[in-house]
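Here is how the chains run, residue by residue.
2 protein chains.
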Amino acid sequence: MIEDVKINRGLKGIYFERSGVSHIDGGKGELLYRGYTIHDLAENATFEEVCYLLIHGELPNTDELAAFDAELKAGRELPDAVYDIIRSAKDGHPMDVLRTAVSALAALEPTSQEVGEAAFIRNGLRLTAQVPMIIAAHEAIRNGREPVMADKNLSHAANWLWMLKGEKPSEEAAKLADVDFILHAEHGANASAFAARVTVGTEANLHGAMVTALSTLAGPAHGGAAEDVMKMVHEIGTPDKAAEYVKTKRKAREAVTGFGHRVYRAEDPRARHMREGVRKLGAEMGAPEWYEILQAVVDAMKPYSRHGLNVNVDFYSGVIYQLHGIPMDLYVPIFAIGRMPGWIIQCVEQQRQNILIRPLTLYNGPDKRDWITLGDRA
Amino acid sequence: MIEDVKINRGLKGIYFERSGVSHIDGGKGELLYRGYTIHDLAENATFEEVCYLLIHGELPNTDELAAFDAELKAGRELPDAVYDIIRSAKDGHPMDVLRTAVSALAALEPTSQEVGEAAFIRNGLRLTAQVPMIIAAHEAIRNGREPVMADKNLSHAANWLWMLKGEKPSEEAAKLADVDFILHAEHGANASAFAARVTVGTEANLHGAMVTALSTLAGPAHGGAAEDVMKMVHEIGTPDKAAEYVKTKRKAREAVTGFGHRVYRAEDPRARHMREGVRKLGAEMGAPEWYEILQAVVDAMKPYSRHGLNVNVDFYSGVIYQLHGIPMDLYVPIFAIGRMPGWIIQCVEQQRQNILIRPLTLYNGPDKRDWITLGDRA
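Going line by line, the protein sequences match chains V and H.
All residue numbers for the first sequence refer to our numbering, where the first residue is 1 and numbers rise by one.
All residue numbers for the second sequence refer to our numbering, where the first residue is 1 and numbers rise by one.
Mixed in with the good hints, there may be bad ones.
It does not matter which identical chain is meant; a pair holds if it fits inside one copy or across any two.
Stated by the list, open to error - In silico lysine-lysine, BS3-like type, Cα no more than 30 Å apart, as pairs:
1. K90 x K168
2. K368 x K175
3. K90 x K302
4. K73 x K90
5. K6 x K302
6. K6 x K152
7. K6 x K249
8. K368 x K247
9. K247 x K73
10. K73 x K28
11. K90 x K249
12. K28 x K368
13. K231 x K165
14. K73 x K168
15. K6 x K175
16. K280 x K90
17. K231 x K6
18. K251 x K73
19. K231 x K73
20. K302 x K28
21. K165 x K302
22. K90 x K241
Think of the hints as simulated: they come from the structure by calculation, not from any bench.
Using the sequences and the hints, build the whole thing.
Next up, the structure:
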């Protein structure tokens with residue numbers, strides 16, 4: 001048996017495909033979607049424009065955006081059976097319920113079985129519209145309320161907050177949710193997008209790939225950081241206790257959550273847009289302490305930043321959700337709402353020149369051995 | 001931007017981990033589970049013994065096997081809500097319904113949220129018992145029948161046929177199903193097991209990983225071969241037309257289904273056990289023509305076998321299912337029943353020394369460019 005092959009644990013540094021969707025320069029801390037910097041997009045674009053950009057490669061003109069937006073809004077409908085399924089599973093974690101409902105849509109909507117680029121985009125946009133509906137419906141049902149029906153006049157972000165809360169959001173709140181979705185929209189071959197590509201590699205349909213992506217995002221090491229940061233903030237309690245908290249963690253060689261990323265060595269470029277949002281929202285809502293605790297943690301972590309330990313995107317997003325009164329177990333589902341266009345376009349790219357993704361494990365088990373009859377075993 | 005890196009399309013030939021579960025020698029056409037040849041296991045073992053072997057690394061003695069079998073049988077129960085969900089989604093493809101039900105179990109059974117080796121094995125065995133129940137219940141429900149309750153006195157394979165048909169299977173039929181499960185039980189880092197490992201890499205739980213595996217197996221290029229072969233057999237119709245069929249396909253440079261495998265260059269060692277099953281079952285049931293058509297295709301393909309085009313495991317299994325009167329859209333779900341122990345142990349191995357699996361794509365999109373306001377776009 002071969003023993004001198006290289007084992008690429010975590011597939012770290014291994015390129016498996018070319019992609020024209022996003023460019024991450026981990027050293028410089030730069031993120032481009034289709035050539036546009038995340039800063040320009042966070043400051044100027046809407047989530048709908050970013051969806052169009054990611055999926056079609058160019059920013060839409062007025063007519064293209066209107067048509068795209070109309071298609072996205074038309075997707076705001078769910079079969080009755082999905083509500084039944086949410087009711088049956090209502091006590092589960094929201095990610096499990098979301099994944100179950102998306103999986104059920106594959107069984108309920110026959111167009112889900114279609115493959116190819118046009119079908120992937122069509123089904124992807126419909127799912128992009130449906131995913132926030134499922135999350136909001138589950139949140140209503142588990143709290144004994146009737147789901148709020150989607151409003152086809154609102155933007156994607158505003159409609160999400162409307163369905164979640166049952167009241168029209170302020171312009172600022174809708175804008176902050178919109179920016180949050182833009183920042184989470186795409187991030188290369190991260191574990192969830194990569195797993196979805198592996199599913200597409202077997203010629204599966206888009207719904208199957210999205211179910212894989214949701215399963216993979218649900219792992220705490222992928223989508224769970226915002227929740228972990230919020231727990232840390234609660235544990236710290238007040239800004240003056242942050243330095244001691246960080247010192248204790250580092251002494252015990254434990255990670256401080258919200259810092260570090262497989263790809264970034266500089267600060268995650270998405271973080272700054274959320275940081276400003278936390279500061280403003282906290283001040284407006286008379287709750288500036290969350291921002292202060294986070295900044296005290298950042299200050300205490302400065303000595304370690306030469307190890308590439310800078311804040312990542314999820315360091316700030318949890319506090320924004322908290323200020324909005326959103327329960328912690330919805331943080332990962334919210335990540336999923338934002339990530340939909342990234343997953344879709346990664347799957348579209350995969351199926352263009354599709355190939356089965358099948359790496360190898362090196363066998364380190366027993367050599368060939370003889371069968372032993374049941375009665376003769378020790 | 002870096003341009004001279006190697007792109008490992010399909011991750012072909014890339015080792016990402018060591019594994020002690022199975023050894024595939026593609027050149028020799030050899031497959032070992034934990035050191036035992038697939039031939040010894042297919043001829044001597046039961047599926048329950050193979051499950052134990054794969055999961056625990058050694059063949060069980062009499063007491064160990066009895067305890068393991070009791071745990072597997074105890075798992076034969078489904079919450080009522082799963083039956084409700086199957087009813088809601090009953091018109092979907094059986095793989096979509098199976099995946100939805102497994103995903104729902106994560107929401108319905110709180111123990112599904114536990115992680116770590118012991119929890120993965122416990123939850124895995126329970127799912128191994130539940131998966132055939134879901135498939136059989138769906139088959140009953142979509143045909144307007146009440147699901148047949150599991151019989152805790154029967155073997156895994158016999159209970160499957162009992163639930164599917166509502167009558168106790170003959171010893172031969174149960175044995176053939178048992179061998180079919182053994183042959184499909186494990187096959188290294190194939191796309192579904194690998195995708196499940198990517199999901200586990202984010203510290204997700206086993207149910208999430210199994211949902212990923214099911215999504216990935218559902219792709220026609222992975223689990224769909226048995227169905228494709230059966231369609232081909234119907235298209236050929238009689239043994240004398242096989243040579244012409246193969247010639248036409250090869251002339252058009254189209255693949256003949258059921259031949260070739262990413263890993264095997266010699267004959268897939270699993271094929272021979274199914275071949276003998278097809279021959280015997282066909283003769284017994286007075287339907288020898290399926291076997292004859294398959295063998296005529298094999299003969300016609302002989303000139304191409306120097307390209308590594310030998311039959312794979314799924315070349316024969318479809319005909320066995322057909323002889324049992326099982327509808328074609330259950331072929332992939334049956335593959336899933338067999339593959340459960342392999343997926344489970346791959347996930348157990350992954351979480352032992354866990355690492356995020358996150359390869360890279362090389363950016364080939366536009367260079368950094370300036371933002372353009374909506375009104376100014378062409």
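Each hint tested on the structure:
{"no.": "1", "hint": "K90 x K168", "result": "within (25 Å within a copy, 37 Å between copies)"}
{"no.": "2", "hint": "K368 x K175", "result": "between (63 Å within a copy, 25 Å between copies)"}
{"no.": "3", "hint": "K90 x K302", "result": "neither (43 Å within a copy, 56 Å between copies)"}
{"no.": "4", "hint": "K73 x K90", "result": "both (26 Å within a copy, 28 Å between copies)"}
{"no.": "5", "hint": "K6 x K302", "result": "neither (36 Å within a copy, 36 Å between copies)"}
{"no.": "6", "hint": "K6 x K152", "result": "neither (54 Å within a copy, 47 Å between copies)"}
{"no.": "7", "hint": "K6 x K249", "result": "neither (34 Å within a copy, 39 Å between copies)"}
{"no.": "8", "hint": "K368 x K247", "result": "neither (52 Å within a copy, 40 Å between copies)"}
{"no.": "9", "hint": "K247 x K73", "result": "neither (49 Å within a copy, 51 Å between copies)"}
{"no.": "10", "hint": "K73 x K28", "result": "neither (37 Å within a copy, 56 Å between copies)"}
{"no.": "11", "hint": "K90 x K249", "result": "neither (37 Å within a copy, 51 Å between copies)"}
{"no.": "12", "hint": "K28 x K368", "result": "between (51 Å within a copy, 13 Å between copies)"}
{"no.": "13", "hint": "K231 x K165", "result": "within (23 Å within a copy, 51 Å between copies)"}
{"no.": "14", "hint": "K73 x K168", "result": "within (17 Å within a copy, 52 Å between copies)"}
{"no.": "15", "hint": "K6 x K175", "result": "neither (48 Å within a copy, 41 Å between copies)"}
{"no.": "16", "hint": "K280 x K90", "result": "neither (35 Å within a copy, 49 Å between copies)"}
{"no.": "17", "hint": "K231 x K6", "result": "neither (39 Å within a copy, 41 Å between copies)"}
{"no.": "18", "hint": "K251 x K73", "result": "neither (51 Å within a copy, 48 Å between copies)"}
{"no.": "19", "hint": "K231 x K73", "result": "neither (35 Å within a copy, 40 Å between copies)"}
{"no.": "20", "hint": "K302 x K28", "result": "within (18 Å within a copy, 57 Å between copies)"}
{"no.": "21", "hint": "K165 x K302", "result": "neither (38 Å within a copy, 66 Å between copies)"}
{"no.": "22", "hint": "K90 x K241", "result": "neither (38 Å within a copy, 55 Å between copies)"}
When each numbered hint is compared with the structure, violations occur for hints 3, 5, 6, 7, 8, 9, 10, 11, 15, 16, 17, 18, 19, 21, 22.
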